Amino acid sequence: MPAAVILLVDDTPLNNEILRIGLGQNGYQTLTALSAEAARDLLKESLPDLILLDILMPKVNGFEFCAELKADPRTRDIPVIFMSALHETVDKVRGFSVGGVDYVTKPFDMDEVQVRVKTHLTLYQQRLEIERLYAQASELAALHERQRIARDLHDSLSQSLFSINSIAEALPRILTKSPDRAVKYATQLAGITRSAQAEMRALLLELRPEALTGSDLADSLVQLTGIFAANSSLQVRHDLMSGIPLTAEQKTVFYRVAQEAFNNIARHAQAHFVRISLRKLPQGAELVIRDDGRGFDPDSVPGGHFGLRIMQERAESIAAVLTITTQPGAGTTVRMTL
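Take the sequence shown: its letters are residues 23 to 360, numbered as in the working numbering.
Keep in mind that the hints were calculated from the coordinates and are not lab data. Heads up, some of the hints might be wrong.
In silico SDA-like links for lysine to any residue, alpha-carbon gap of 25 Å or less [as the list claims (entries may be wrong)]:
hint, residue 1, residue 2
1, Lys66, Thr34
2, Lys140, Glu161
3, Lys302, Ile346
Nothing here was measured: the structure is a model prediction, and the numbers come from that model.
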């Protein structure tokens with residue numbers, strides 16, 4: 023790992039020299055500037071890992087320069103340690119308020135400076151690593167989501183397209199021999215086509231979130247229930263209020279929770295009937311999904327099973343309350359209230 027680079031900003035050359043020698047003994051590289059203006063020029067060329075900043079400097083003082091650094095996206099994350107003869111609490115508070123991470127009082131003790139520098143460099147590197155891992159995890163999650171959508175697209179539409187093609191090829195022959203059968207096949211073809219279109223619209227909602235957030239939530243849920251009904255033998259009834267004022271994030275959460283609930287019903291519930299309702303509340307909205315399936319014992323379900331944890335986390339992200347009421351043989355009710 024390359025040596026950390028520390029920028030020393032002090033209008034007293036002797037202070038910079040003492041710090042340069044002391045920090046160099048611990049393997050750090052240093053850059054020195056006698057003013058905020060000189061430091062600005064250095065920062066245009068390269069960014070250090072940490073800045074040791076004097077306060078009492080001419081023209082631009084340390085407080086002002088730190089505030090300037092924190093306002094610039096290029097430099098705002100670089101840790102700044104103030105070093106000053108100002109020792110009043112009010113000065114230290116001001117230093118922290120403008121973005122400093124620490125405050126060393128002059129005359130400084132080199133051992134103390136070394137410890138503080140090492141501590142904040144470690145914290146800075148750990149934060150960068152966390153951000154890198156988060157970005158990597160987000161990228162992997164996005165990749166997995168794209169792969170899931172691709173599988174859904176293949177699984178849900180391949181059979182439909184095959185059936186549409188087969189019926190379309192057979193229709194001309196059947197029409198000349200048996201017009202009644204041709205009408206029956208044409209009706210079947212229209213139904214399969216409608217189902218495929220509904221599935222495509224649902225996948226587009228996942229591929230293009232703006233298509234979901236830019237639409238009325240009730241309309242999006244109608245599409246979702248239509249797809250669910252078309253791909254199962256379940257009876258689906260809906261009572262969905264239109265025009266409920268929700269943010270884009272809230273719409274997305276309501277839709278995803280409903281989607282996960284329907285997926286659970288399809289996989290586990292063995293239900294015959296499902297009802298979904300959406301109504302406006304004084305301060306938000308309420309979504310309720312009920313099925314007449316076999317239900318389950320909540321105490322016997324692992325925390326991550328049935329997507330319950332994901333649903334709960336989604337609800338919490340918009341400060342909504344998610345409750346699941348169920349028992350074996352008595353169906354399940356999913357209710358989310360905002």
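Verification of the hints:
Note on Lys66 and Thr34: the hinted pairing holds, with a Cα-Cα distance of about 22 Å set against a maximum of 25 Å. Restraint check for Lys140 and Glu161: not satisfied, since their Cα atoms lie roughly 31 Å apart, outside the 25 Å limit. For the hint linking Lys302 to Ile346, the alpha-carbon distance of about 20 Å falls within 25 Å, and the restraint holds.
Violated hints amount to a single one, hint 2; each of the other numbered hints is respected by the structure.
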